[in-house]
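As they're listed, the protein sequences go chains A and B.
For the first sequence, position 52 matches number 52 in my numbering, and the numbering has no gaps at all.
For the second sequence, position 44 matches number 44 in my numbering, and the numbering has no gaps at all.
No lab work stands behind these hints, which were simulated from the structure alone.
You may find that some hints are simply not true.
Under 10 Å between C-beta atoms, here's a sample of chain A residues computed to sit facing chain B [stated by the list, open to error]: (1) Pro33; (2) Phe42; (3) Ala46.
Keep in mind the model is a prediction, meaning the values are calculated, not measured.
Cβ atoms here follow ideal geometry from the backbone N, Cα and C, with glycine treated the same way.
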Amino acid sequence: MKRLVPLLPVLALLVLHTDVWLWNDATMLWGLPIGLSYHVGFCVAAMAALAILVRYRWPRELVEAAYEGAATAAAEPAGEDDGRSAPGKG
Amino acid sequence: MLPVVFLYLGLVLAIGLWSHRMARSTGEDFFVAGRTIGPFVLLMTLFGTHMTAFALLGASGESYRIGIGVFGLMASSSALIAPTLFFFVGMRVWRLGKQYGYVTQVELLSERFQSPLLGLCLFPVLAVLLVPYLLIGVMGGGITLSEIGGDAIPTWVGSVLITAVVLVYVCFGGLRGTAWVNTFQTCFFMVIGAVTVWLIVGRLGGLETAMARVAESHPEMLVRGDNVRPLQLLTYLLIPASVGMFPHIFQHWLSARRAATFRAPVILYPACILIVWLPSVLLGVFGRIDFPDLVGPQANSVLVRMIALYSPGVLGGLLAAGVFAAIMSSLDSQSLALGTMFTRDVMPRLLGRKLADGEQVLAGRLFLASVLLLTLGLSFVVNRSIFGLAVWCFTGYTALLPILIGALFWRRATAAGALASLATAFASWLYFFRAGWGKPDYSVLGSGAMPVAVIVPAAALALIVVSLLTRPPDTAVVERFVGDD
Numbered sequence: 001m002k003r004l005v006p007l008l009p010v011l012a013l014l015v016l017h018t019d020v021w022l023w024n025d026a027t028m029l030w031g032l033p034i035g036l037s038y039h040v041g042f043c044v045a046a047m048a049a050l051a052i053l054v055r056y057r058w059p060r061e062l063v064e065a066a067y068e069g070a071a072t073a074a075a076e077p078a079g080e081d082d083g084r085s086a087p088g089k090g
Numbered sequence: 001m002l003p004v005v006f007l008y009l010g011l012v013l014a015i016g017l018w019s020h021r022m023a024r025s026t027g028e029d030f031f032v033a034g035r036t037i038g039p040f041v042l043l044m045t046l047f048g049t050h051m052t053a054f055a056l057l058g059a060s061g062e063s064y065r066i067g068i069g070v071f072g073l074m075a076s077s078s079a080l081i082a083p084t085l086f087f088f089v090g091m092r093v094w095r096l097g098k099q100y101g102y103v104t105q106v107e108l109l110s111e112r113f114q115s116p117l118l119g120l121c122l123f124p125v126l127a128v129l130l131v132p133y134l135l136i137g138v139m140g141g142g143i144t145l146s147e148i149g150g151d152a153i154p155t156w157v158g159s160v161l162i163t164a165v166v167l168v169y170v171c172f173g174g175l176r177g178t179a180w181v182n183t184f185q186t187c188f189f190m191v192i193g194a195v196t197v198w199l200i201v202g203r204l205g206g207l208e209t210a211m212a213r214v215a216e217s218h219p220e221m222l223v224r225g226d227n228v229r230p231l232q233l234l235t236y237l238l239i240p241a242s243v244g245m246f247p248h249i250f251q252h253w254l255s256a257r258r259a260a261t262f263r264a265p266v267i268l269y270p271a272c273i274l275i276v277w278l279p280s281v282l283l284g285v286f287g288r289i290d291f292p293d294l295v296g297p298q299a300n301s302v303l304v305r306m307i308a309l310y311s312p313g314v315l316g317g318l319l320a321a322g323v324f325a326a327i328m329s330s331l332d333s334q335s336l337a338l339g340t341m342f343t344r345d346v347m348p349r350l351l352g353r354k355l356a357d358g359e360q361v362l363a364g365r366l367f368l369a370s371v372l373l374l375t376l377g378l379s380f381v382v383n384r385s386i387f388g389l390a391v392w393c394f395t396g397y398t399a400l401l402p403i404l405i406g407a408l409f410w411r412r413a414t415a416a417g418a419l420a421s422l423a424t425a426f427a428s429w430l431y432f433f434r435a436g437w438g439k440p441d442y443s444v445l446g447s448g449a450m451p452v453a454v455i456v457p458a459a460a461l462a463l464i465v466v467s468l469l470t471r472p473p474d475t476a477v478v479e480r481f482v483g484d485d
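Work the whole structure out from these sequences, hints included.
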């Protein structure tokens, strides 16, 4: 259940995407028609929801598995990927 | 204008050729850049690959036609769906590639389902869906240069130019060259889009004045009204899910250096969408002020007409270069993906053995050169109606997504289930394609729902039912793919 909580903002945004309540509203907000500014705000909210996903639902087990018997293991560190190591070039 | 375009193409070539100095002659280096791509390059290359010329020209044309609703339909839906798929599907695919050396979807899915037959059936579908996409890019380059040059330049000139440049830097640089060039090109078309809207809106008297002028003459452009239907907006959420099955996006996922590389692309993707799509939609809507009577395909040239009216000269050249950037940043990855699939999925079957590293690189170069030249040849004989295929390609790729989701998340998914899902997706796609081809506003039973809303559940249902009716797959194999997370 705890693993599902970080998913809730993404699920909520899926529901909120179809903004029928603003369909014919011509009010202006931030210099844009509200139907457009809502979806601009939606993009910003999507960034926040995805940041929550990355922060609280980071798949550590998956990352560790990548280094077990990896085809390119020779060039890679073992263990959790915390973003500090910099193998290879890019 | 032309010197600006040539200068830009020269820069692109230089970056592509420079990346060749970093290359090693191995298949893994050529096809997935040795799995060494960092976060910024991954973000830019994923975004540049995903966004075609449609984001610049098509979006403004569509906004001219139906107003602000385009942003919700195509942009904000992608802003949520695409990065969510990167997180849940892309990272898993990356892990499997890292661990077991997969380079193509066919390799991964054939092994997960222990079914060469599935790979055999999947390959032509993935390849055929990619061809119209390539054609759109090559033809788009020609049309853009011709329109910006005032029809003084024949369309074949732009098509040949774009094909030649992509051919050289992809052949030399492989995925590493593609990723680096894409990073440059994506930054370029993002900046050009923002500068263009800033200049034009300024000359229209500012944002509020421009909006007031549209509200006065075409108020229906500023609401969804009858231009977009709620069910259409809801079901459009499935269209960007096609990124989960794009062969070129798949290949870029595999190029990530490590799992943490995905953090920036996942979080910042919506910002990139906003930067590119908002200017395109605004300019399309503002086009109604000066060009109120464009009909049919003329609407797609609204951006070019606005530039010609408000900022001709250098900005016109920069815009042409920006459109070229958007086209090439997709065309390169798509042609490389097709070349990779031929080399990795078809050649070993034909030869009856695996190719050595040097052979893979050579075959990859030959195939992608053949693919690009064939596309160029086709672009001379195919008519513009091919552009209408884009949304059908997206629908086709989304229809295949249940197979990948089942492979990665459902232990009980079987080869028979995957084959049934593929057959159902193909049959239902064909049915709706025959019913809806040539009808831009087609929806299921006139309800507003996109065909994808029927095709995907049907494909998923076939996967579930047939999997449950057939013998469970080998546990040891499944554990490698599904895992605990």
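We went through each hint and held it up to the structure:
1. A cut of 10 Å between beta carbons decides the hint on A:Pro33: the least distance to chain B is about 4 Å, and the hint holds.
2. With a least beta-carbon distance of about 5 Å to chain B, the hint placing A:Phe42 at the interface is held under the 10 Å criterion.
3. The beta carbon of A:Ala46 comes within 4 Å of a beta carbon in chain B, closer than 10 Å, and the hint placing it at the interface holds.
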